[in-house]
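A.B. asks: This is what each chain is made of:
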Amino acid sequence: MERRSLTATILVHLAALLLLVVILAPVVWLFIMSISSTPDLIAKPLHWWPDTVDLSRYGVLLSSVANSAGEAFVASLFNSIKVAGMATVAALFVAVPSAWAVSRTPSVGWSLYAVIATYMLPPVALAVPLYMTLAWAGLLNNVFGLALVYLTILAPFTTWLMKSGFDSIPREIESAATMDGARLDQILRLITLPLAAPVMATAALFAFLLAWDEFFYALLFTSDQRAKTLTVAIADLAGGRVSDYGLIATAGVLAALPPLLVGLFMQRALIAGLTSGGVKG
Amino acid sequence: MSALELINVRKRYGTVETLKGIDLSLASGEFLVLLGPSGCGKSTLLNIIAGLAEATEGDVRIGDRSVTGVHPKDRDIAMVFQSYALYPNMSVARNIGFGLEMRNVPAVERTEAVQKAAKILQIENLLGRKPSELSGGQRQRVAIGRALVRDPQIFLFDEPLSNLDAKLRMEMRTELKRLHQMLGTTIVYVTHDQIEAMTLATCIAVMRDGQIEQLATPDEIYNRPATRYVASFVGSPPMNMLDATVADGIAQIVGSVSGIPLPQALRENAARARDVIIGIRPESLTLASSEDAGLAIEAKVEVVELTGPELVVTSTIGSQRLTASLPPKSQIAVGASQRFNIDASALHIFDKATGKRI
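Those sequence lines, one after another, are chains A and B. Going letter by letter, the first sequence gives residues 0 to 280 in numbering that gives the first Met the number 0. Going letter by letter, the second sequence gives residues 0 to 357 in numbering that gives the first Met the number 0.
It is possible that some hints are incorrect.
Short derived list, chain B residues pointing at chain A, Cβ under 7 angstroms [as the list claims (entries may be wrong)]:
id: 1; residue: Arg9
id: 2; residue: Tyr12
id: 3; residue: Leu51
id: 4; residue: Ala52
id: 5; residue: Gly68
id: 6; residue: Pro71
id: 7; residue: Lys72
id: 8; residue: Met78
id: 9; residue: Phe80
id: 10; residue: Ser82
id: 11; residue: Tyr86
id: 12; residue: Ser90
id: 13; residue: Met101
Hint data in this document are derived by calculation from the structure and do not stem from the laboratory. We put the beta carbon where it would ideally sit given N, CA and C, even for glycine.
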């Protein structure tokens, strides 16, 4: 490592610490709120750390008693997992072939730009047509319907990401495989997709997060526990006559867990540098 | 039997014609080098032979079978790419055996073939590694192994040595030569390096602007270049090209009082062209003492460079430049006038208008 003066070292560490605080402070505060008792939360001056640790809200939200807040929350948690999961998987199924085609056939690249252009439209512009389409297809308040809507958001984005991933894989490798006698599906399965795995994992992760966090369409197209997602359920918690901020915070903590697990799981696939060594360099 | 035959192969991209009618026939066991500067169409031609590109017109025949429209995998060829194009996610052994794997060759047979190829290329100890753990030269060997194991009718090489450093390039060049002598396979090899072409080929096709300028043995390309272009492309330092006009059997060098009496055999044709270019290889010039008779020209010495095995003397004759490669111990005075003897049989005369050899 290069030599650095003491001041520089201290400054670098301070900067890193600042970044850490900025990123983690909201999360930490969310967690503290979720375990604080109501008196602690409304006390003045503010209690930075609760006098008593209160875990009861986790119990409330995760209970399965009929017609309770917990039942609604757990149902919405599963709805979110289903919708985001389905939309992500479907988006990858659409993105991989189309991104490969666009990457290997530059002459059809304009089509991707056309799709991206529709992406620029604000969601509210599409809300009414989408609502009517879903109503016509009988898919309102339905996880499949919502996943389908999310697919329209995720597919352009994942295709774009996958295209740049495929672009970085030299075409000569595929030419070599062609001459070695591999069919198109074999080339994709044995060579191109393994090499594009890091990009694919990134695309999947971001697509999942995008779908997980989506609120606007979910609010419009779902109406009860059959399809309501987490974001809508959390909003419902705040929408009553009395808002229990601790409960909202607890829901937030619980809602953050599944994407966190997905992220940790994907980390293995995110290891980059797989393509190095195939060609010169 | 000819292993490869190209009949009037043309390739157009829109209005641009990159190949303007290539005709070529290659006997089995030959080592053909397509030599030319970048953009001359040599790589396009190789891709057409490989089937990675289709010719706009004309026919490609491999082993007396037309392969127009035939998929690359069914052409009985193997190709080594400039960038090696190894599969980074597979071990060396699987890389080499991939072609056999795709052709459903049983695993036992496959392992045997991979071992054999690895032994020939001396990479047996690398079979378990990934391409990223290999050096450039080793990757090159693996790429060759991948072609070798398939035992194809024709090997195609696309500038395989251009990514290696000078020393390794020479080593691999010898290695390729050894492989060709040992296996006796038919090879088509693309390069812009004239030394690679001269050393490896049994047959060189010098290409220019989508056409074959000359197709001949290395010896003939070097000693009897068909055109001025071929003459200037092959050889280092490059051949001297002196503008001259012919009158009474003497080629008068433009911008100078010296003239070169032409050999009898060339006089008639040269006289018809009048404006000619005299090509003299630097190594066919020798130092002449003043009373020496025979063919000689006088030039003013400007720069003397010792490269080690030879002394490269740059001089001017009138307004034109003359380079000579001399033995390293030659006594040369910079700034002085110097007479050079010319080997009359090594004179190349080109028609200035057409560039063709007279």
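A.B. asks: Among all the numbered hints in the text so far, which are the ones the structure does not match?
C.D. replies: Failing hints, ascending: 1, 2, 4, 5 and 12.
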